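J.: The lines below spell out each chain.
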Amino acid sequence: MTTLLTPRSPALRNGWILTQRELLHWVRQPALPIFGLLFSIMLLLMFGFLFGGAIEVPGGGDYINFLLPGMFTLTMLFGLEGTMLAMSTDATKGITDRFRSMPIHSSAVAFGRCGADMASSVLNLAVLIVGGLFIGWRITTDLGSALVAVALLLWLRFALLWIGIFLGIAFRSPAATMAVQVLVWPVGFLSNVFVAPETMPGWLGAIAQWNPISATATATRQLFGNPTGVTSGWMTEWAVPMALLWPLVLTLVFLPLSARAYRHLRR
Amino acid sequence: MPSPLSLTASGLHKRYGDVKALDDFSLDIPPGTIHGLLGPNGAGKSTAVRALATLIDVDRGEASVAGHNVRTSPAKVRQRIGLVGQAAAVDEILGGTQNLVMFGRLFGLSKSAATARAAQLLNAFDLTEAAGRPVSGYSGGMRRRLDIAASLILSPAVLFLDEPTTGLDPRGRNEVWRTIRTIAAQGTTVLLTTQYLDEADQLADSISVMNAGHVVQSGTPDELKKQLGADRIVITVTDAAELARVAASVRVHTEPTIDEAGRSVTIEAPAGTAALMAAVRALDDAGIEPVDLVLRRPTLDEVFLALTAQENAS
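For the protein sequence lines, the chains are A and B, in the order given. When we follow numbering that gives the first Met the number 0, the leftmost residue of the first sequence carries the number 0, and every step to the right adds one. When we follow numbering that gives the first Met the number 0, the leftmost residue of the second sequence carries the number 0, and every step to the right adds one.
Hints are supplied without guarantee of correctness; some may be wrong.
Claimed, not checked - In silico DMTMM-like links for lysine to aspartate or glutamate, alpha-carbon gap of 20 Å or less:
1) A:K92 / B:E91
2) B:K19 / B:D58
3) B:K110 / A:E21
4) B:K225 / B:D204
5) B:K224 / B:E301
6) A:K92 / B:E162
7) B:K225 / B:E301
8) B:K224 / B:D204
9) B:K19 / B:E61
Don't read these hints as lab results, they were simulated from the structure. Source: prediction; values computed, not measured.
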């Protein structure tokens, strides 16, 4: 098993070793990932039952079915904090310096982060999907479309990974981490995750609609066969292409920025 | 052809904004020795170590470590060095073995080789008992030893230690000192930065005193102490009120230094024992009976303060 999983390229091999480090963290300190999962479930129950009854979905449809793809998307966004925190903790504890003094390629550190965070996102997503099915969320399309929806969610998470790596290296103070932990909330809520933009004041609805995570939320709603809350405008046709494009743009911007920030540690 | 020196640096400059962190920093260290880089906070010790360990680029100057140029072949330098930074750079959630196996595998060892090397190092560093426990439960000294062990996985030619005992209690400090002596005895060249003169005195074969980004003076601890010339006579009395009278009676050609808290007077004694006899007679004439009277060499503290004071004045 291990031999099959151990890639030949030294950078990929080292990336895999660093991914294993994170998996060992879960085993040794399971409280943290478990609280993360409980937090997602709490948000799900809170919005599903506490606020859900008061929220109307434009174009009709059950709110739980509208909510779940939004929750999946929001979870991808919140994963950003974890990436940033892991990067900045390693930097402040001198572990990044140790890696940099060792004969390993800098991309190994990124591969390791990528492997660890994608694994944690897959786990988080799986728990939310099962939780959603328990409270009445249903996939009304086919397995293929559902898998494409999951892939789009992970594609968004991949793009956000680079934002997290960049922020974690460039602003590695606890205060910066705190700021990001606060700022993900307005970014997450100023979208169509919980409420359809069509019910918002015009300017706010426009911002929410152009929020990159709205494209992924709508695209996954369409692919899962859930109500989208979108009755007109470009989002009806263009959600899936935009859910491909937005993360691509973010990756093209923040991947080079991350590499640059890592190089600038040499200054 | 390998360089006869383990480490050379010549004319390193590094500027951060208006601060010259390194200002014409030069250093030569022969193989297998412990070199102490001594200086106050902000003298540039850490910047020097970070530059030599390939972590930062310098603005100007050349350096070579273990026979490789730091600027042109950093990857080759990294194969031959170990770095122990100011923070104990080990994973706190993992155990001692897990840490060393992870770093060993990152260094390119196979899983089984890394496991064997981890066991060997844990044993050598007296950490076998704690090997399975998470590092967050280790004492400062244990954590530091694990940190040093992680830097020794590939048996580096040059080991950098940046203030390795800062924040440790005396017991932890002794453990780390013993570790460093063992490493050097096995042939590894050690560059150690410290703010503690007794640490440099205890460990280092040679010392460079650093101030304002460059080396002010280099030599063996004895040579540096000789630099300050004269021996000292320290006279301790029971009553601090007597200090002025003591100072007046023994004043010969240089001004005595009075230490109120230590209830002692220090005078320079260029003539050694003759000066001591003269001091005894002077004290006897004045009717002063000291509780302690010693002739001693200058301490590194005095050398250090004198060198940095000269430098700051000029």
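J.: So which hints don't hold here, by number, going up?
T.: Violated: none.
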